[in-house]
Amino acid sequence: MRRNLEAMLARGQDSALLRFTLGDECLKADEAAAALEHLEQAVALDPDYSAAWRQFGKAALADGDPQRALRIWDQGIKRAERRGDVQAAKEMSVFVRRLGKAGSDRGSGG
2 MRRNLEAMLA RGQDSALLRF TLGDECLKAD EAAAALEHLE QAVALDPDYS AAWRQFGKAA
62 LADGDPQRAL RIWDQGIKRA ERRGDVQAAK EMSVFVRRLG KAGSDRGSGG
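Every number in the numbering used here is 1 more than the matching position in the sequence shown, counting from 1.
It is worth saying that the hints were derived from the structure and are not from the lab.
Wrong hints could be hidden among the right ones.
[What the hints assert, rightly or not] The list that follows gives simulated cross-link-like pairs (lysine to aspartate or glutamate, DMTMM-like), each with its CA atoms no further than 20 angstroms apart: (1) Lys79 to Asp47; (2) Lys79 to Glu92; (3) Lys79 to Asp49; (4) Lys29 to Asp75; (5) Lys29 to Asp49; (6) Lys102 to Asp75; (7) Lys102 to Glu92; (8) Lys91 to Asp31; (9) Lys29 to Glu41; (10) Lys91 to Glu38; (11) Lys79 to Glu41; (12) Lys91 to Asp75; (13) Lys29 to Glu92; (14) Lys102 to Asp66.
Work out the full structure, taking the sequences as your base and the hints as a guide.
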């Protein structure tokens, strides 16, 4: 599937959905840097694409950058709330809380 998606991109068929799907496939293959690139393009092409914001944050986290993940999810939550996508906003809020809790647990030695 990924090869087909990359071929579409090479033919100039770029879109937010294509980039989201490619980014998601890269995440599944543990290729966080490639996922980041595609998901960043997905939200650039469609800034209101809530699912892309969610995965973009996951890719940043998988790439070892929790602070970037928090910034991405914060922006994604704002976009999702603005367009009325309550479920996506809730999901990203849970990720933010979990990441914040994990950070505070490490900071307190527990």
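Hints, one by one, checked against the model:
1. Lys79 to Asp47: Given that 20 angstroms is the threshold and the Cα spacing comes to 14 angstroms, the pair holds.
2. Lys79 to Glu92: Roughly 12 angstroms separates the two Cα atoms, so the pair holds.
3. Lys79 to Asp49: The hint holds at about 10 angstroms.
4. Lys29 to Asp75: Status violated; Cα separation ~23 angstroms.
5. Lys29 to Asp49: At roughly 23 angstroms apart (the allowed maximum being 20 angstroms), aspartate 49 and lysine 29 break the hint.
6. Lys102 to Asp75: holds (16 angstroms)
7. Lys102 to Glu92: holds (15 angstroms)
8. Lys91 to Asp31: Violated: lysine 91 and aspartate 31 sit about 25 angstroms apart, past 20 angstroms.
9. Lys29 to Glu41: holds (17 angstroms)
10. Lys91 to Glu38: Roughly 25 angstroms separates the two Cα atoms, so the pair is violated.
11. Lys79 to Glu41: holds (16 angstroms)
12. Lys91 to Asp75: Holds. Lysine 91 to aspartate 75 sits at ~11 angstroms (cutoff 20 angstroms).
13. Lys29 to Glu92: Roughly 19 angstroms between the alpha carbons, so the hint for lysine 29 and glutamate 92 holds.
14. Lys102 to Asp66: Within the cut-off at roughly 16 angstroms; holds.
Figure legend: structure checked against the earlier numbered hints; hints not met, in rising order: 4, 5, 8 and 10.
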